[in-house]
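> Line by line, the protein sequences are chains H and U. The letter at position 131 of the first sequence is residue 131 when you use the numbering used here, and the numbering goes up by one with no holes. The letter at position 57 of the second sequence is residue 57 when you use the numbering used here, and the numbering goes up by one with no holes.
Note that these hints are calculated values from the structure, not bench results. Positions of the beta carbon are idealized from the N, C-alpha and C atoms, including for glycine. Please note that the accuracy of each hint is not assured.
As the list claims (entries may be wrong) - Computed list of chain H residues with no C-beta within reach of chain U, every gap over 12 angstroms:
hint, residue
1, Phe-42
2, Gly-243
3, Asp-251
To be verified - Just some of the chain H residues that point at chain U, by a computed CB distance under 10 angstroms:
hint, residue
4, Phe-20
5, Leu-23
6, His-112
7, Glu-249
What the hints assert, rightly or not - With a cut-off of at most 20 angstroms between alpha-carbon atoms, the simulated EDC-like pairs for lysine to aspartate or glutamate come out as follows:
hint, chain 1, residue 1, chain 2, residue 2
8, U, Lys-22, U, Glu-159
9, U, Lys-220, U, Glu-198
10, H, Lys-104, H, Asp-30
11, H, Lys-104, U, Asp-58
12, U, Lys-14, U, Glu-119
13, H, Lys-189, H, Asp-155
14, U, Lys-22, U, Glu-211
15, U, Lys-220, H, Asp-119
16, H, Lys-77, H, Asp-251
17, H, Lys-77, H, Asp-203
18, U, Lys-116, U, Asp-147
19, H, Lys-193, H, Asp-176
20, H, Lys-104, U, Asp-167
21, H, Lys-104, U, Glu-159
22, H, Lys-104, U, Asp-163
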Amino acid sequence: MSDPLPLHLGASPFGASPSFVELLRIERPDALPAGTVDPPPFPVPHGTTVLGLKFTDGIVMAGDRRATTGNIIADAKMRKVFAADRLSAIAIAGAAGQAVELVKLFQLELEHYEKITGDRLSLEGKANRLAQMIRGNFPLAMQGLVVVPLFGGYDERREQGRIFYYDATGGRWEEDDYQTIGSGGQPAKNSLKKRWKPGLSRDEALRVAAEALIDAADDDSATGGPDASRGLWPVMVVVTADGASDVPEADVTAAAEAVLAERGAAS
Amino acid sequence: MSFMPYVAPEQLMKDRSDYAHKGIARGRSVIGLEYADGLLFLAENASATLHKVSEVYDKIAFAGVGKYSEFEELRIAGIRLADLRGYQYGREDVKARDLANAYSQALSTIFTQQMKPYEIELLVGEVDGENDGTSIYHILFDGSVSDEDQYVAMGGHAEELTDALRDRYQAGWDLATAIQTAVQLLATVPETREVPAEQLEAGILDRTTTERRTFRRLTKDEVSSSLG
Chain H
1 MSDPLPLHLG
11 ASPFGASPSF
21 VELLRIERPD
31 ALPAGTVDPP
41 PFPVPHGTTV
51 LGLKFTDGIV
61 MAGDRRATTG
71 NIIADAKMRK
81 VFAADRLSAI
91 AIAGAAGQAV
101 ELVKLFQLEL
111 EHYEKITGDR
121 LSLEGKANRL
131 AQMIRGNFPL
141 AMQGLVVVPL
151 FGGYDERREQ
161 GRIFYYDATG
171 GRWEEDDYQT
181 IGSGGQPAKN
191 SLKKRWKPGL
201 SRDEALRVAA
211 EALIDAADDD
221 SATGGPDASR
231 GLWPVMVVVT
241 ADGASDVPEA
251 DVTAAAEAVL
261 AERGAAS
Chain U
1 MSFMPYVAPE
11 QLMKDRSDYA
21 HKGIARGRSV
31 IGLEYADGLL
41 FLAENASATL
51 HKVSEVYDKI
61 AFAGVGKYSE
71 FEELRIAGIR
81 LADLRGYQYG
91 REDVKARDLA
101 NAYSQALSTI
111 FTQQMKPYEI
121 ELLVGEVDGE
131 NDGTSIYHIL
141 FDGSVSDEDQ
151 YVAMGGHAEE
161 LTDALRDRYQ
171 AGWDLATAIQ
181 TAVQLLATVP
191 ETREVPAEQL
201 EAGILDRTTT
211 ERRTFRRLTK
221 DEVSSSLG
């Protein structure tokens, strides 16, 4: 921290861009994830199943904890769901290293914008910015390092929760009720199709999310189910008008155990 | 080809210095002081949207007086520097001292090399959640920087205000007392007058918060209610 610090003044006659990614591209291009010509000659860890769903006060995002490299479990405790800023959350599936870096950059992008302009981006603005960032990752996606996030948050103007999903080319779609992505996305979605209904309370929403992840783990070997013996429970983030926050582990555990108990009783 | 008449370097620096002083003296002052739970920056500001006090990083705040366009430029440059630093290294590696040094270098270069010096003064404040420490750096238009202890005033009447703060200041004030005292002092310059609550801008670095970002801008209501 002792090198002389250059302060870059007056970049443009209309002031600095509020985008951190743009700043990084100009000042430290070497720090950005760079595209190479060939796919990596070795397998890399992939994050698996995440989902997002709406409930009365906002949205819940949840993810299992497993990352796999081929048939090997690369990480049993990976976190794939993050608060992006005070009113939004992002969940990731795909090449884990790229995905976590994308989340970090996206969080900084939102914070940087907020500090430079003194205003928070609209939810629409955040969702669009994320699409552009995924598009920027496209060269890497072509080499197999695909990152697809799920993004959601509380829209202060519409006063409701909203969920967006993306494809590897940066395509952006808004989802009405719920969405899942990742290797166990299909079984999770089938589960949500049966269990989700409009007007869920927070606790009901946590339970529906836990059940979908358990269903995904049942059918998909790359998705990790809850494991009480090792204390592995899904990570969930709730976003309402009051902010984005991690669901306390006790609540997640209770939701998952309720589902497991019901199944145990039925079998 | 035009010829510049010879001007002694002493005279040149004095002229620039006088020019910057005059510009800064036209604006209102800012007070920065430590209170029980952190650091308070209080500014008299007629505008509700063109801020003098703002967030730079998790534990670092910024305040500027003088020409808005000039300190705004430095505020943005500081945020860019801090965010780049935090991204390349770690969030805890972003320090107010480095930022103060960068401001000092930039202002010093501008003072000696540009047509006109910047007519601004800056404060960079930092709280340390772990050992209850605070630091306040005061940077002048010519790049000179000082490390202040507990309180500082800057702007047109910095000296009177700092002297008054020296008499009044007590460590361990709660936020309301800190705001009240700072406002009472601001209301004594340039002459005794009323400072309306809606012309006050206050920001705090709260070391008791559980949030990563400790900076918070106080609302008009919070400021007026602490004035009682």
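> Hint by hint, say whether it matches the structure.
Going down the list of hints, with the structure as the test:
{"no.": "1", "hint": "Phe-42", "in the structure": "26 angstroms, holds"}
{"no.": "2", "hint": "Gly-243", "in the structure": "10 angstroms, violated"}
{"no.": "3", "hint": "Asp-251", "in the structure": "18 angstroms, holds"}
{"no.": "4", "hint": "Phe-20", "in the structure": "6 angstroms, holds"}
{"no.": "5", "hint": "Leu-23", "in the structure": "6 angstroms, holds"}
{"no.": "6", "hint": "His-112", "in the structure": "5 angstroms, holds"}
{"no.": "7", "hint": "Glu-249", "in the structure": "17 angstroms, violated"}
{"no.": "8", "hint": "Lys-22/U to Glu-159/U", "in the structure": "15 angstroms, holds"}
{"no.": "9", "hint": "Lys-220/U to Glu-198/U", "in the structure": "6 angstroms, holds"}
{"no.": "10", "hint": "Lys-104/H to Asp-30/H", "in the structure": "16 angstroms, holds"}
{"no.": "11", "hint": "Lys-104/H to Asp-58/U", "in the structure": "15 angstroms, holds"}
{"no.": "12", "hint": "Lys-14/U to Glu-119/U", "in the structure": "14 angstroms, holds"}
{"no.": "13", "hint": "Lys-189/H to Asp-155/H", "in the structure": "24 angstroms, violated"}
{"no.": "14", "hint": "Lys-22/U to Glu-211/U", "in the structure": "41 angstroms, violated"}
{"no.": "15", "hint": "Lys-220/U to Asp-119/H", "in the structure": "17 angstroms, holds"}
{"no.": "16", "hint": "Lys-77/H to Asp-251/H", "in the structure": "18 angstroms, holds"}
{"no.": "17", "hint": "Lys-77/H to Asp-203/H", "in the structure": "24 angstroms, violated"}
{"no.": "18", "hint": "Lys-116/U to Asp-147/U", "in the structure": "26 angstroms, violated"}
{"no.": "19", "hint": "Lys-193/H to Asp-176/H", "in the structure": "13 angstroms, holds"}
{"no.": "20", "hint": "Lys-104/H to Asp-167/U", "in the structure": "47 angstroms, violated"}
{"no.": "21", "hint": "Lys-104/H to Glu-159/U", "in the structure": "44 angstroms, violated"}
{"no.": "22", "hint": "Lys-104/H to Asp-163/U", "in the structure": "46 angstroms, violated"}
Consistency with the previously given hints fails for numbers 2, 7, 13, 14, 17, 18, 20, 21 and 22, ordered from lowest to highest.
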